[in-house]
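Protein chains: 2
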Amino acid sequence: MTSDIDVPRSGWAAEPASLLRTGPGFVLADVDPNGTPGFSGRKKAGMGELKTAADVLSDMQERLFAASKGDATDAVLLVLQAMDTAGKGGIVRHVVGAVDPQGVALTAFKAPTKEELSHDFLWRIKRAVPGPGMIGVFDRSHYEDVLIARVRGLADETEIERRFGAIVRFERDLVDRGIRIVKVMLHISADEQKARLLQRLDRPDKHWKFNPGDIDERQYWPAYQEAYQAVFERTSTEVAPWHVVPANKKWYARVAVQRLLLDALTEIDPQWPPADFNVEEQKARLAAT
Amino acid sequence: MTSDIDVPRSGWAAEPASLLRTGPGFVLADVDPNGTPGFSGRKKAGMGELKTAADVLSDMQERLFAASKGDATDAVLLVLQAMDTAGKGGIVRHVVGAVDPQGVALTAFKAPTKEELSHDFLWRIKRAVPGPGMIGVFDRSHYEDVLIARVRGLADETEIERRFGAIVRFERDLVDRGIRIVKVMLHISADEQKARLLQRLDRPDKHWKFNPGDIDERQYWPAYQEAYQAVFERTSTEVAPWHVVPANKKWYARVAVQRLLLDALTEIDPQWPPADFNVEEQKARLAAT
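Same order as they appear, the protein sequences are chains A and B. Sequential numbering from 1 applies to the first sequence in the UniProt record's numbering. Sequential numbering from 1 applies to the second sequence in the UniProt record's numbering.
Okay, chain A solo, but in the shape it has when bound (with noise of 0.2 Å):
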């Protein structure tokens, strides 16, 4: 039995998920932060396209949630990662925002606590997997654990390569699982990131998003590229692969991460579970209160 929701397909024209993905031979560098691969229209079709598919994303949301009632142990797991401004936070919003908040686990990793510290890197990650019939989402994730740790020398290289290997098998354990991973990196350019800053510093509404530090982590920011084709080269693997999301343009990267979500769900093809009751049984007795 498949779905019986209709997945529109009206502003692409390709499937981002085979565009955006990343795989042998893949540059980081040259791809082009101000693309929209796959979208034929611009920025009022996408917007349209983000609101229509919304209420799709929500209603495939609910039946993974209903599915997980059943016998189904199907999951969704979100991995955002991105240099600052990047618009992790409008994914959560904008994308996320339109399920049913009672369906998503959203953990936001920070720089690790003391107690987090103490045990491996993994620890606190799985402490936030999602269980069956969610949507987790991570901002930011294991993925800091190779990334800063690495431009900023946290760790030394026979760790970074040890973290590596954990990654991947941690990885294909949930995988196995039920749990679809689905990993974002959303890529913009420099001078975006300094205009999108700047926009912080001019508008006092803005004032509370920026930290001086902020701008210490741009001088590092040929090293995080550098880093984050590493991860790519390493991590991407046939179950749990990455996706460069192009995102100078907010509205592209918020309908393609939608479409990377909206496919995971559709592969998923989650269904209504069967009542483990008598119906007519229960309807009776309900008519008897």
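It is possible that some hints are incorrect.
Since the list gives no way to pick one copy over another, a pair counts as held whenever it fits inside one copy or between any two copies.
Derived EDC-like pairs (lysine to aspartate or glutamate); straight-line CA-CA distance at most 16 Å [what the hints assert, rightly or not]:
1. K250 - E192
2. K69 - D205
3. K283 - D191
4. K110 - D84
5. K114 - E226
Keep in mind the hints are simulated off the structure, nothing from the lab.
We have chain A; now place chain B onto it with these hints.
Relative to chain A, chain B alone:
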């Protein structure tokens, strides 16, 4: 300085906060579950209000969140209690779901686990209290420990009394810490529940929401109404009053709870925090990158 967000008053002829609040002399049995106290329009106007005010709620939530990045410790805690099918889930989806998921901390309290039972009843509750800047939502709460516990005899009268005292002190502590508590009982009639349960039985896509135990609970309806009455008498305080929201009309319950949340946020009146850095200095630093 007062908020420059204009809270629309359109559909409300009188404030639900004062109309729905339970105080001395309140009698639950006198509340009409079909009522729409204070709202001048009908369903269509209510749905319009829900949509318009959602944007205001979303803006105010962002301010609340932002303010916590400065010195503010304010938070909001929405406590939802109700008989089965009364619409708690719909409130979460359609009212709370309108704001940024990053600013919401939702906890659904189920029957306590063995570990939770080994602690005082407030132990698991205290762990779920929202941090500064957050809107916490309790889908069921510590009130189960004086409702089902009383109706099903899980605790004796002395223990129930102790709990009432503990709850009042606990909530006073929260209020003193800057957490505004919005306590809501969604009030449906037994007939309306019957119709909603029947609908769940009639629709295969709703079977997953049905539990034969829901029919068992119906026989305790009068006992639950008495237990709620006791809850209002013992725990509706000046700083954390209860609101009984007629909920036979789902649209009314939603706009009313939305309004109560807006009131709470309006009273907090969160402000964008001032920059804790020199804006011009940072602009110059940024320009140099």
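Hint by hint, here is what the structure shows:
Taking the shortest Cα distances, K250 and E192 sit within 16 Å of each other inside one copy (11 Å), while across copies they are farther apart (45 Å). In this homomeric assembly, K69 and D205 come within 16 Å of each other (Cα to Cα) only across copies, at 12 Å, whereas the closest approach inside a single copy is 43 Å. Proximity of K283 to D191 under the C-alpha cut-off of 16 Å is restricted to the inter-copy arrangement: shortest distance 14 Å between copies versus 64 Å within a copy. For the homomeric pair K110 and D84, the shortest alpha-carbon distance inside one copy (13 Å) is at most 16 Å, but the shortest distance between copies (38 Å) is not.
Taking the shortest alpha-carbon separations for K114 and E226, neither the intra-copy value of 28 Å nor the inter-copy value of 49 Å comes in at or below 16 Å.
In the structure shown, a violation is registered for the earlier hint numbered 5 alone.
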